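If you read the sequences in order, they're chains A and B.
For the first sequence, my numbering gives the first residue as -14, with consecutive numbering after it.
For the second sequence, my numbering gives the first residue as -14, with consecutive numbering after it.
Hints in this document: simulated from the structure, not taken from any laboratory.
These figures come from a predicted structure and were not determined experimentally.
Accuracy of the hints is not assured; some may be wrong.
Unchecked claim - Now the stretches of chain B that chain A is said to cover, found in silico as 3 or more residues with beta-carbon under 8 Å: (1) 50 to 61; (2) 65 to 75; (3) 90 to 101.
Unchecked claim - Partial pick of chain A residues on the chain B-facing surface, computed with a CB cut under 7 Å: (4) H(-8); (5) T0; (6) S60; (7) S70; (8) G77; (9) F79; (10) L137.
Glycine included, every Cβ here is placed at the ideal spot set by N, Cα and C.
Okay, here's what each chain looks like letter by letter:
There are 2 protein chains.
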Amino acid sequence: MPPIAVHIEIPDWVTAMAPQGAVFPDAEARMRLAVALADANVARGGGPFGAAVVERYSGRLVAAGVNRVLADGLSIAHAEVVAMSLAQQRLGSFDLSAVGDYELVTSAEPCVQCFGALFWSGVRGVVCAARSPDAEAVGFDEGPKPADWAKLLNARGIAVTTDVLRQEAAAVLRQYAALGGNIYNPGPPNP
Amino acid sequence: MPPIAVHIEIPDWVTAMAPQGAVFPDAEARMRLAVALADANVARGGGPFGAAVVERYSGRLVAAGVNRVLADGLSIAHAEVVAMSLAQQRLGSFDLSAVGDYELVTSAEPCVQCFGALFWSGVRGVVCAARSPDAEAVGFDEGPKPADWAKLLNARGIAVTTDVLRQEAAAVLRQYAALGGNIYNPGPPNP
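Just chain A, with the same shape it has in the complex (with noise of 0.2 Å):
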C-alpha cells in the first residue's frame, strides 16, 4: 500500500518559469514573476493567482506557487500557501525565519486564510499587488480579514508591503473573469 498523502502539485511550466535559485532585484522583478504565474495559471484554467517566495535582501527565489484548489481539489491550496509550503519544504524548516530571512510576494493581498498561514510560516515580509477590492470586484470573496490585516502582520515582525504593480495583477483577475472562469469561494454558503 503506498504510504496515504496530501498532495499539493507544481506544475512543471512552474518550475520552468521560475527556477530556483534565479534572482529577482527589487520588488517590481519579484511582482512581475508572480503576475506572469498568475497570469499563465490562468491560460491553464486555474486561479488568477500566482506567489513567491525569495530571499529579501539578494531576491534569490526559493519556491513558488500558483492557485491549485481546482487542479487539485484542495481549498488551502491558494498561491501563497503553495508557495510558503514548498519554501519550506526545500529549506527543511517550517520556519522560514529559522534559516534566513525570506519575503513573499503575491499578485494579491492574502485572504482571510492566508492572512493567517502569514503568521507561522516564518516570512519576514509580504509584498501584495491587487487588493482585496480587485479580487471582490470580480466576484472572489475575502472573507473576514480584520480591517487592520497589516498592522496585525506588523506586530509580529513581518513588513507589509501593497500596490507593486496592482494595475497588471487586477488586469489578469479581470481577463480571468471575462474568460468565464470559475468563481470558486462565491460568497457566503447557504446555512
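Let chain A serve as the given structure and place chain B on it in line with the hints.
Below, chain B without anything else, positioned relative to chain A:
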C-alpha cells in the same frame, strides 16, 4: 524527473486508528477519536493535536489528521488542515459542502490559521475540545484570532460547538509540555 509536490503524509497508524467509513455516532465518540489521535501523535513525537472530518448526521468518518508541522516541516500542517485537505482529496471536491454535510471535530479550538482555512473548506460545523487558553497555558500561540471568531463562522453557515471533552484534550496538551515537547510558534518573532 519526478513531479514536484508539497506532501503532507498521513501515517499508517492514523489510518489504522481512524479508518475511512467507520462510524462515530455522537459528539463524544467523535471527540474521543480526535483526542486519542492527539495523544498518539504525542507518543510519536508530534504536536498534541488531532482532528477528523465526519458526516454530520451519520458520524461516518471521511478523514482524520494529526499535527504534522514537525514531521513534514510545514507550518500549514495543523491537524485541522490535514484532516480537511485529506477529506477534500478523498471526496474529490475542494468544497465539502458541494458533496455533503460534514463537520470538523478537533481536539483544540482553531488558531488564526485554521480559523481562516475553515471558511473555504466547505465544512458546515466545527466541534472543539480544548480552548485556546488551554493551548496558550502550555506555551502555544493561537495568533490574532478575532474575539468573535465563532460568530464570524456562524455568519458563513458554519456551526460552532465548544467544550466537548475539554478536560481530556487539555490533559494531552499538558502531557506534551511535561514531556518537553517542542513548542513551535512560541510567540512573536523578533522583528
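Now for the hints, and whether the structure bears them out:
no.	hint	result
1	50 to 61	holds (count 7)
2	65 to 75	holds (count 7)
3	90 to 101	holds (count 6)
4	H(-8)	5 Å, holds
5	T0	6 Å, holds
6	S60	4 Å, holds
7	S70	4 Å, holds
8	G77	6 Å, holds
9	F79	5 Å, holds
10	L137	5 Å, holds
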